[in-house]
Amino acid sequence: MVKVIREFAMAMLWKFMRVARYSKTALPPKIKVRGIPTHSRQSVPSDFAASVPCSSTVEVFGKSYPRDDYTNITEKILSKVGKNLHNKKHHPLWLIKEQVKDHFYKQYTGRRGNPLFSVYDGLSPVVTVQQNFDKLLVPRDHASRRKEDNYYLNRDHMLRAHTSAHQWDLIHSGLDAFLAVGDVYRRDTIDSTHYPVFHQMEGVRLFSCHELFSSIKDGESFQLFEQGHRTAHKQECHTMEAVRLVEFNLKQVLTKLMTHIFGDGLQVRWVDCYFPFTHPSFEMEINFQGEWLEVLGCGVMEQQLVNSAGAQDKIGWAFGLGLERLAMILYDIPDIRLFWSEDERFLKQFIVPHISQKIKFQPLSRYPPLINDISFWLPTETYSKNDFYDLARSVGGDLIEKVVLLDEYTHPKTKKVSHCYRIVYRHPERTLTQNEVHHIHQAIEESAVRELGVEGRF
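Per the working numbering, the very first residue in the sequence shown carries number 47; after that it's consecutive.
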C-alpha cells in the first residue's frame with residue numbers, strides 16, 4: 047500500500063501548480079452537449095460506445111462554450127463535473143477537508159477570535175487559461191499547458207488543473223488568508239492511484255511588514271523588500287530576514303497540520319523543488335509506516351504574482367495538497383476509483399460521530415480481474431498515450447482498473463510504430479463476465495480506429 051501511494055505521490059509532483067468564514071457549496075451543474083447525433087455503429091453495443099462530439103458548443107453550468115481546435119473534453123469527464131465529493135457529508139474526502147478546515151479555524155484566529163482563514167469549497171471548476179496558467183506565471187512553453195495533459199473546453203477555457211487557478215482572484219478580492227478546495231482535472235495514465243478527476247486544497251497566507259516582524263525584537267527596523275539578487279534561497283526583491291520568517295511560519299503551519307491529521311511523533315522532512323509561482327519551493331514528506339511519502343508542495347509566493355493581484359505591500363506563502371492522497375494514506379484505501387463508489391459497504395465505513403475518529407478501511411471482496419491486450423499501428427499525425435487512456439476511460443469507465451503500455455515496436459523498413467497495451471478490467475463491486483469485457487474491449491478497438499486514426503492489429 048505504501049509503495050503504491052509513493053508512486054502516486056511522485057506521479058503527481060506538479061499538483062501544487064495543483065473563504066467569508068463559511069463554506070460556499072456549488073449546486074450540481076446542468077450539463078449537456080447540443081448538436082447532431084453521434085455516428086451510429088452496427089457492431090458495438092451503444093452502452094459501450096465512446097462519445098464522438100459533433101456539436102458546436104459545450105454547455106456547463108448553463109453556459110455555452112464554443113468548440114474549437116483545442117476542445118478535448120469528453121462526456122465521461124463532463125459527467126463528473128458538479129459531483130463535489132469533497133462536500134458530501136461523511137465521504138472520506140469530506141472528512142479530510144473538514145479535519146483541515148477545523149484545524150485552521152481553531153488554530154488561527156484574528157483579534158476578535160474569528161477564524162483567520164476563509165474557506166471556499168464551491169468555486170466553479172471552469173476557469174480561463176489565464177487563471178490556470180498565465181496569472182500563475184507558468185511559461186507559455188511549459189509542459190503543464192499541453193492538450194495531452196489537460197481538459198480544454200476551447201482555447202480560452204478549461205477545467206482547472208489545480209486549485210491554484212483561484213489564487214490570483216482571491217488575493218485580488220482583498221483576502222490575505224484563505225483555503226480553496228475543489229475538484230481538479232488532468233489527463234493521465236490509468237491505474238489504482240490515478241484518476242482524471244481528483245480533489246485539491248490550496249492554502250495562502252499574506253503578511254504585512256508589521257504582521258511579520260511585530261513579534262521580533264527590534265522588528266521595526268526590518269523590511270520586507272530590497273533591490274538585490276535572486277539566489278537559491280530568496281527572490282531578488284525579498285530581504286533575507288523576511289524570507290526566513292515566512293519560510294519558518296509556512297513549515298510550522300504545515301507541520302502542525304500533518305501532526306493534527308496523522309498524530310503526534312510524526313517525522314517530517316523538506317525537499318527543495320521547483321514551482322513556477324513560488325521561490326524558494328519545497329515538498330513536504332512524512333515518515334508513514336517506515337517509508338517517506340511526499341504529501342504536498344509549498345513555497346514563498348513569487349512577488350510578481352502577489353504584486354499583480356494588488357497586494358504589493360505584502361509577502362506570503364502558499365501550499366497545495368491532494369485530498370485523495372491524504373485519504374489513501376490515512377484510511378489505507380487501495381484504489382482511487384473507490385472514492386466514486388456508491389456501494390454502501392464502502393460509504394458506511396466513514397459514517398463516524400467525529401471527523402477525527404480513526405478509521406481503518408475494510409476492503410471489499412477482491413473480485414478477479416479480466417485481462418485483454420490491444421495492439422495497433424500509430425497514425426502519422428501527432429499521437430499521445432493520454433489520448434488512448436482518455437478513450438479507454440470514455441468507453442470502459444470505472445470497469446477499467448489499469449492500462450499499461452507493454453511494448454513499443456518500430457518496423458525496420460516502414461518505420462511505422464506499433465503500441466501494445468494491456469487493459470486490466472475489474473469491477474470494484476462485483477465479478478465481471480467474459481462476455482461483458484468482450485463487448486467493452488471490442489468497442490475500445492473500434493473507437494481507437496475511428497477516433498484516433500490508428501491501424502488495428504486485432
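Don't read these hints as lab results, they were simulated from the structure. Glycine residues also receive a C-beta, built at the ideal position from the N, C-alpha and C atoms. Some hints could be false.
Label pairs and their computed distance ranges (CB to CB) [claimed, not checked]:
#, residue 1, residue 2, range
1, 279, 411, 19 to 29 Å
2, 318, 102, 43 to 53 Å
3, 455, 430, 12 to 22 Å
4, 294, 356, 21 to 31 Å
5, 401, 495, 45 to 55 Å
6, 402, 220, 44 to 54 Å
7, 455, 496, 37 to 47 Å
8, 504, 402, 45 to 55 Å
9, 168, 350, 40 to 50 Å
Consistency of the hints with the structure:
no.	hint	in the structure
1	279 / 411: 19 to 29 Å	violated, 53 Å
2	318 / 102: 43 to 53 Å	holds, 48 Å
3	455 / 430: 12 to 22 Å	holds, 18 Å
4	294 / 356: 21 to 31 Å	holds, 26 Å
5	401 / 495: 45 to 55 Å	holds, 49 Å
6	402 / 220: 44 to 54 Å	violated, 32 Å
7	455 / 496: 37 to 47 Å	violated, 23 Å
8	504 / 402: 45 to 55 Å	holds, 52 Å
9	168 / 350: 40 to 50 Å	violated, 29 Å
Of the numbered hints given earlier, the model fails hints 1, 6, 7, 9; all others are met.
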